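Turn these sequences into a full structure, and let the hints guide you.
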Amino acid sequence: MIAPSQRSNALRCAPRNAMVRASFRSLNWSCVVLPGLRILIASVLLFATSALQAQSCTFSSGSSGIVFSPFDPSAASTQTAFTALHIKCVSASGSPTPAFTFTGLNGSAPLRMKHVVQASYIPYTMSTLRTSISGSNQEWRLTATVLGADYVNADSGPYSDTLTVAITP
Amino acid sequence: MLCVGGSGATETIQITVTNTVVPVCRFFAAAAPSISLSNTGAPSEIDPRLSTPATGIVRIGYRCTSGTLPAFGVPPTATLSCAACTGNAVLGAALTWISDGAGRGMTDAGNRVFSLTAEVPPSAYRSAAPGDYTGNVTVTVSP
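Residue numbers (the numbering used here), protein chains in the order written: chain A, 1 to 169; chain B, 1001 to 1143.
No false leads were slipped in.
No farther apart than 20 Å at their CA atoms in a straight line, the calculated lysine to any residue pairs in the SDA-like style are these:
1. A:Lys88 / A:Ser136
2. A:Lys114 / A:Met126
3. A:Lys114 / B:Thr1020
4. A:Lys114 / B:Arg1104
5. A:Lys114 / B:Pro1023
6. A:Lys88 / A:Ser61
Under 7 Å between C-beta atoms, here's a sample of chain A residues computed to sit facing chain B:
7. Asn153
8. Thr162
9. Thr168
Interface residues of chain B toward chain A, partial, derived using beta-carbon atoms under 10 Å:
10. Glu1011
11. Ile1015
12. Asn1019
13. Thr1020
14. Val1022
15. Cys1025
16. Arg1063
17. Cys1064
18. Thr1068
Think of the hints as simulated: they come from the structure by calculation, not from any bench.
As the structure is a computational prediction, the values presented were derived from the model and not from experiment.
Beta carbons: idealized from backbone N, C-alpha and C, even for Gly.
Spelled out as structure tokens, the structure:
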């Protein structure tokens, strides 16, 4: 038998599409336990929120993109191009250093730019350097590097990649 | 818990990374290439008594960016002259050429061959003064 208070919980928590009466008992059991779980989850969320407030980094400006100078395969050599990113990082103990991860639309290991027409790719690597810090504001230089050997036999034409930059915290 | 922390602590931004590989072609010749004209089989020998054209060919290596079709600049004729000769000391040679076509990159594996042929017809050399004839021709490849 379901106690009135339990029945109330069960009705409130049951899914809208719960059509099978036979499963009602197990739903009822779940909802008896749920209030306790909610308290536990709420505690975890509060804890996580307070941790985030203590240390966080956000992008404070976008990027105009990374554009390489044209590659001449007849004089292939290492090529670099960069962009600047402004990041705001706060924590109780100053401005933390964010950790960067890079994910490419055309692959991440390695990152690759794809030819606009052909199924040909030019791999590249990313590196980061903090160029300034003022209070919680940081400026970072993100540099993309392509080795000469990686485009000496490349098809002519434009290449591109969409790079997702993630910072933590 | 990891999911909650991760979604709240990670910020992302998207950046476009672009470049352009330019189409380019280059000759690769270890030394200045030359053509030896002959109608006898012996190098640089033209026998005016024969009626076969004097011909010669030179093969020059080139490389292009992968997929790039080279454009060769070759004059239709070349003029050979004999500095030590008296009389008719000029020979006109017709120039023709063929190539391996589009490039396959700039490494050794991408080597291609441009072949330039010169031909002096009998009507040109029959009346020429005997001697050593030389001439220069400029051939270009682009882009």
